[in-house]
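If you read the protein sequences in the order shown, they are chains A and B.
Numbers 154 to 431, taken from my numbering, label the letters of the first sequence in order.
Numbers 1257 to 1542, taken from my numbering, label the letters of the second sequence in order.
Source of the hints: derived by calculation from the structure; they are not laboratory data.
Treat the hints with care, since some could be wrong.
[Said to hold, decoys possible] Facing chain B, according to a computed beta carbon distance under 7 angstroms, are these residues of chain A, among others:
| no. | residue |
| --- | --- |
| 1 | I166 |
| 2 | W250 |
| 3 | P274 |
| 4 | S378 |
| 5 | P382 |
For each residue, glycine too, the CB sits at the ideal point set by N, CA and C.
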Amino acid sequence: MSSRSSARLGRSIALHLFLTPLALIWLFPLWMMVVFSTMPDNGIFSPGIELLPHGNFIDNFNNLQRDTNFVGAIGISVSVAVTYTFLSVLLTSMAGWALARYQFFGKGVVVAIILGTITLPYAVVLIPQFIMVARDFKLANTWVALIVPPLFNSLGVLFMRQSFSMMPDDLFDAARVEGVKEWRIFLFVALPLARPMLAALAIILFLASWNNYLWPLLINSQPGSMTAPVALGTLIGLTKVSWGGIMAGAVMLTVPMLVVFVLLQRHFIAGIAAGAVK
Amino acid sequence: MRNRNATAYRFLTPYLLIFAIFWVWPIISSFMISFQATRTVPWRFAPGFNWGRLIGDPAFFNALKNTLLILVIQVPVMISLALVMAVLLNSPLLKARGLYRFAFFAPVVVGEVAYSAVFRLMFNLDFGIINKLLNSVGLPKIDWFSNVTPAMALIMIAVTWRWAGYNAIILLAGMQSIPEDVYEAATLDRVSKLKQFFYITLPLLKPVIVFCLVLSIIGTMQLFTEPFLITERGGPGGGTETLGLLLYRQGFRSLNFGYASAVAYTMAGLAIAITLAQLWLTREPK
């Protein structure tokens, strides 16, 4: 018995001895992001090894604000991400509800199409989307351009379909016997029941919108209409620019999301896992 | 489950409308544009114009080679690492699981632009912390940005850092859905943990692993931000240019939509071929 428990202890120690350095390596870039954001520019480019934060964050942030209107860009990013998340959750849960709870003509085709688009590279639709939104609809540099085209989202629909199909029939049938309309059943019975899943989906969609880079880079490239990642991206690679400022921006984009991640870890992980498993 | 065509379609319409406008039409349109000469207005139908050029374009083959190289090296490394992370995080012997989980999953929330900036600074030739650390243990500095091999390695390191934890989440969820009693029975039969992994976990996890592989391949296939921002537009000298970057350069820098569409369709063809091959290779034996 004691030899088995000491074997367990040995295995446990080996496990931690392997995982701890790996975890530290994984956290290192995030730590350095924080360190860089607090260092004066000449500190970032000094010959010594600097692993601890300094006190220059405010100066760096002021440089960033001078190089690009970052506060304005953050405002755009927040508004776009909030609107997008709301609309996308609504649209994908409506579609998920239809696919989970009704038998209808063409259902198999709809499901097959949604599954099929998961494996289709976004690159295929990128150019016509751009031509359509910018040239035909004249919507470049507007919020609509940032919010509407990404609303098609396969994983969200599959996720919500899964959640709704696990709910018992009796629940909805009882309401139907009372003569409650289908859209009311969806809004006031099904959606509240799906709250944990909605939370998970909302977090994932918010994050996707918050971090989206290529599409906003293409469609909203005018100063004053850029999202925060795009504004930050314009500075990377320029020579006469404050790297401390860029890092302050990186921290401002990342740290709020990390806090959300820590607070809502369960929902977060559920959201990522849900698309895949089952 | 009720048969209600009208109700179902009322719920589906907004979603399908977005799908029709922003996906169905573009998929068709992209295909048609790839057969048009778009350098001059009005565009004209010229079937061989882009595709003919593609077949003879060294820049295309360079981007294709780079993309496939990253695909062949980075994706298997990352999925294996994610599998190791998931198995170890799943171990009942692990203490402070939350801390480790945070470490591996944190990059999932970091945007591409933010982390690209950090990686540029960390891997800088003279001032980068990585080279300083290499130097301090007696190893030579590596010029990550002016030589092709280290630059490619840097792209792979960056992508692996960003996405390994994401895949580990998915794999971990898959592992946790394997019923516990399978392992209990195996333990009673004195099957070693390692054998349990190879004969129980891996086979039962196969569909989830395939899902991760497919998602990673599609993602890597379109790799854009990392070679754009970290190695400065596919540098050195096109050494890290990917298909995604070539598409951006042709479509949105040179405004050559026809050629860029041909590149996009090549990516789609490649993605579909790889996905089908993978599904076929991992199909359930009859």
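Here is what the structure says about each hint:
1. A least Cβ separation of about 9 angstroms between I166(A) and chain B goes past the 7 angstroms threshold, and the interface hint is therefore violated.
2. Taking 7 angstroms as the C-beta cut-off, the interface hint given for W250(A) holds, the closest approach to chain B being about 6 angstroms.
3. Nearest Cβ of chain B to the Cβ of P274(A): about 5 angstroms, under the 7 angstroms cut. The hint holds.
4. The beta carbon of S378(A) comes no nearer than 16 angstroms to any beta carbon in chain B, farther than 7 angstroms, and the hint placing it at the interface is violated.
5. Annotation: interface hint on P382(A) holds; nearest CB of chain B at approximately 4 angstroms, less than 7 angstroms.
In this structure, the earlier hints numbered 1, 4 are contradicted, and the remaining ones agree with it.
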